[in-house]
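Those protein sequences? They're chains Z and P, same order as listed. Residue numbers for the first sequence follow UniProt numbering, beginning at 1 and rising by one. Residue numbers for the second sequence follow UniProt numbering, beginning at 1 and rising by one.
What the hints contain is simulated information worked out from the structure, not anything from laboratory work. Incorrect hints may appear among the rest.
To be clear about the criterion: a stretch of chain Z counts as covered by chain P if any three or more of its residues have a C-beta under 8 Å from a C-beta of chain P, and this derived list gives those stretches [stated by the list, open to error]:
1. 56-68
2. 71-82
3. 92-98
Ranges of calculated distance between the beta carbons of each label pair, as one might list FRET restraints [claimed, not checked]:
4. Z:A62 to P:R705: 55 to 61 Å
5. P:I592 to Z:N170: 44 to 50 Å
6. P:E124 to Z:K81: 36 to 42 Å
7. Z:N170 to P:I671: 43 to 49 Å
8. P:R174 to Z:R120: 36 to 42 Å
9. Z:A62 to P:L670: 55 to 61 Å
Capping the alpha-carbon separation at 20 Å, the derived lysine-lysine pairs in PhoX-like fashion look like this [unchecked claim]:
10. Z:K83 to P:K599
11. Z:K83 to P:K490
12. Z:K59 to Z:K81
13. P:K125 to P:K6
14. P:K436 to P:K449
15. P:K489 to Z:K83
16. Z:K58 to P:K497
17. P:K647 to P:K181
18. Z:K58 to Z:K134
19. P:K838 to Z:K83
20. P:K842 to P:K810
21. P:K650 to P:K678
22. P:K181 to P:K46
23. P:K172 to P:K191
24. P:K820 to P:K792
25. Z:K81 to P:K842
26. P:K810 to P:K706
27. P:K172 to P:K489
28. P:K497 to Z:K59
29. P:K355 to P:K402
30. P:K560 to P:K501
31. P:K838 to P:K782
32. P:K487 to Z:K81
33. P:K6 to P:K16
34. P:K497 to Z:K81
35. P:K847 to P:K775
36. P:K172 to P:K46
37. P:K172 to Z:K83
38. P:K415 to P:K391
39. P:K172 to P:K404
40. Z:K81 to P:K489
Don't be surprised by glycine CBs; every beta carbon is placed ideally from N, CA and C.
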Amino acid sequence: MNENFSRISRLIKSKIDDTIDKISIMSAPYSYSYIFKYIIIGDMGVGKSCLLHQFTEKKFMASCPHTIGVEFGTRIIEVDKQKIKLQIWDTAGQERFRAVTRSYYRGAAGCLMVYDITRRSTYNHLSSWLTDTKNLTNPSTVIFLIGNKSDLESTREVTYEEAKKFADENGLMFAETSAMTGQNVEEAFLETARKIYQSVQDGRLDLNSAESGVQQKQPQRQGRTSLTDDTQTNKDNCSC
Amino acid sequence: MSDNIKHATFLTVEKKFRQGEVVVAILEAYQIVGAEHQNRILAVVKSGSSSALFSFDCYNYPPINLSDLHITSVLPINETFLIDNSTAGYGVSSHQFQIMSGNENLTYYYYPDEETLRSKEVFEKILKRLIQEYTEENGDFSWLQAYKSSDFTEIDYNIASNKFPPKNRESKFREELERRKPEYTMYEPYKVYCATWNVNLNQPVEDLSLRELLFTTNDAPDIYCIGLQEIDMSAETIIKSETRPDYNWIAKILEGAHPSDIYEELVTVRLVGMMLTILVKKSIRSSISKICTSMVGTGTLKFGNKGGVGASFQLNETCLCFVNSHLAAHVQEFERRNEDHDEILRRMQFNDGFKSRNILEHDQIFWIGDLNYRITIADDDQIKMFCSYDKWFYFDQLHIEKQKKRVFRDFQEGKITFKATYKYDPGTDEWDSSEKSRAPAWCDRIFWKGSRIEQLAYNSIMQLRMSDHKPVYGVFISYILTRDEQKFKKIHEEVLKTVDKFENDNQPQLVVAETDLDFGIIQYHEHYSRELLVANNCHLPAHFKFLPKSSDNQRNEREKVCEDWIKISHPKGELLTGNSLSIRIDIFIDEIAAPEIMKKLCDAKTGVKGPLDILVLHIENGRDIFITIFGEYQPSVFGLRLDTLMKLNKPVLEYSLKELNEIECDVNNLIPFYNSAKGPREIYLMIDYLYRNGLNIPHLFHVLRKHRLSPRICAIRDWLDTWSVEPFPGTPQTAAEVLLKIFESSPEPLVTITERELSIYLPNFERCRELVQNKIPLLNRKIFLYLIMFLKEIQRNYMTNGMDDRSIAKIFAPALCRHKQDQLSQRFLLLFLSNDIKEFAKIEFDKN
């Protein structure tokens, strides 16, 4: 009786061990658990591409051509010991592309809205950028307001306090950064991710919805095929 | 490889190297990558006193240019360098060999033609000589630094030419982690204890203790590998091919293990009489993974009374394999034993559910068992006298067969210092005294293969007397590759960063010559085209396509890539590295596009010079490029509302877009008609011209619209748009075409009656006349009646122009009514063509 029992338990144990081995092969610890989609928006020349470059390469691009389209960068970060892949879409700021870039907002979990502290006009346009963001993203999208070029203090046209007030009034996170020195750049991207991750933890973000901009580990699905890709998935998810 | 080609190849390979680096030998080979075979050129290169083996991917064969050769591996010929032929025949091909150096282990295949076989022999000889020549003092490999490539952006032709997909992030990650393995791993010693015993059908009786066999060392071993043979050979177990482990024996083994540590049974595998049990220290259990077992029955019936059982597992980063075998018996059967050995090697596969590996695909292999090889010497009594193996060494079949490389090729065995282990009278240390009086032999043996294994002991145990065999044990120190978790964590982070960079650097990129395409002035009915030059200057193949833009108002019909009047010659495509493509963008404003573009321009309010459209050129897995189409559309009478035409008091070209827009939007007719005629000037001019010149022209209007694209239409357009006083530049046929186009290009149809309404009132002429009165605005009504009167005139000349009312209705119905189906509108027109409308028209014409 006793012997039988130990034999069986031994058998079960070896089976379980085997299974654990197999599982550990399948879900190798290398990868990441989530993908967050970010977009960077704001007027032309405020330094959106430089911010992205600084974040992904830790370098300042001194002569950065205007983005004519949408560029694409990724980086894996860690939040709460979770590996998260940020998939960042850097959009063209020129006014004439406004209509086209609007189609990239959908499904963004984080939105970095950038203005140039040395050009008041870029700050004045924020409300229009904010309207677009509110209209085209979902309510849980984290919006981070960035006043870039903080290294150019001498030609500043927008004070920190003024922008801070605007951010507070509109419920935005806010920081002044410098894509040149790298000051606060890392923090802005990471703070946004932390806030998104918090929403995921609190259940405020629906992981099943493509609109949330958060995917739970699907490493195979890189890139995209169509701008309307997200709607497609959404349709598929729809149970009606 | 013929001598000529070989010589040419040699010269090309030589060019890859710097001065002072001498190519000593080359060999044509191939590797199997995925499901493809890839050409390789192996080259042995000497620099100073050190040498290395280079493996080239051969993009074009035979290689002519330097760029045809791409280094895949650089292997320094140092103490770790090994060329191994032993896998030949057990893997994919018998023409293969393995090269090991450092942490690299590569398999190459070669072609079995005579030339290659000969060069392979020379090649191997040179390699072996260089291995021997290597000493630590002359091992300066710094010159190899120049050939180390970890640069991700280097062109890999297999990927660039789209033969292989670029690596995805995950596999790149694994590859990088594997490449840097030496940095976070080190070798740690583990004690491996092997024991083999043919128990001759004895049961593990109560007073039996295996302590004497398993507890011979001071330190507790980390791994026990115990192989038993003949635990049960009853007919029943043989027929059933019994595989259930014998727990009585396992219990004995666990009892017998070193007392100063706690062991657990890792795995047991049994086939009939053979059983292999692996015990491990409890403390190392968590470092073990991928445990699998395998068994092979040999002999004629493959029942498993002879054969082998094996276990495979991974300890930290090292793959270990243990085999317990019982080979064919009887003195003269050594060849069958060789065959059994080969069969086990060939058939034993360990499958962990993801990967299957054979015995030789392990880092360290321990092969134990009753191998049954005897001593071939005529006089049995003479053997019984002996004590030392040294003396009988040359008569040991196993030694002889191994020397001839027929068995246990590349395996090692320790020096035998113990008495033959077979055959004793059970219970004694006396040689077999039975009638058969079998000659003694070293049947029970322990072999190993793999680097970093040291044998500490190899002996038999005389005191265990219950069987006719004495058990044999071997103790080893085995160096196991182990991960330093702290270093691993650090390198893991670094690799993550490199892979991030890899991913960002490895987006396919396309360069476009210009993102703004200016078409200049665009006129109705003219062809325009511009070339968009796209080039792939990156190291990856790029797939591109033009994406549809989802518009602001989301539930928009179908999403378009661009406006209908823009045509893209390559809506999608693929560009390999170094290639470029000229994508042609065509614009043609026809009668459908004319009102659309007018409306777009009026809506945009950005002035004439604004972008006409923006195309999104998407590169798969990469960025999107916006291509802006600029152009200045020059409004024409085509595309304007009919009442707008009535209101124009000067040529259309003299109006600004803004003014035109105001007139177009003047739905309530606040702006007076400039022209008090029955219809717009343009329609009047065409009809007037046709009255005078076209009535007798055969097929003036034709269903096929043969003059649809005639260049004269542009001339007529200019003539109309400028109110020219020159003679009419067209022909009756083109004038007819223009007349149709004016109706077709107006934003709204002339006859504003729906299909449904027609279906109710047809075929009653009176009711249809009322319909015309009530549903068609006065201006359109006048134009309609005017047109019908003209068409009646054409019909009247049927004898000369061949046009009857049916064909006229067929041509004009779609242009005037624009219904989905033309049957009703044709019948409607026929009705008016065949009834008298003079009175009706007269009344209408007089209205204001």
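Q) Which hint numbers does the structure go against, in order from smallest to largest? A) 6, 8, 10, 12, 14, 17, 18, 19, 20, 22, 23, 24, 25, 29, 30, 36 and 39
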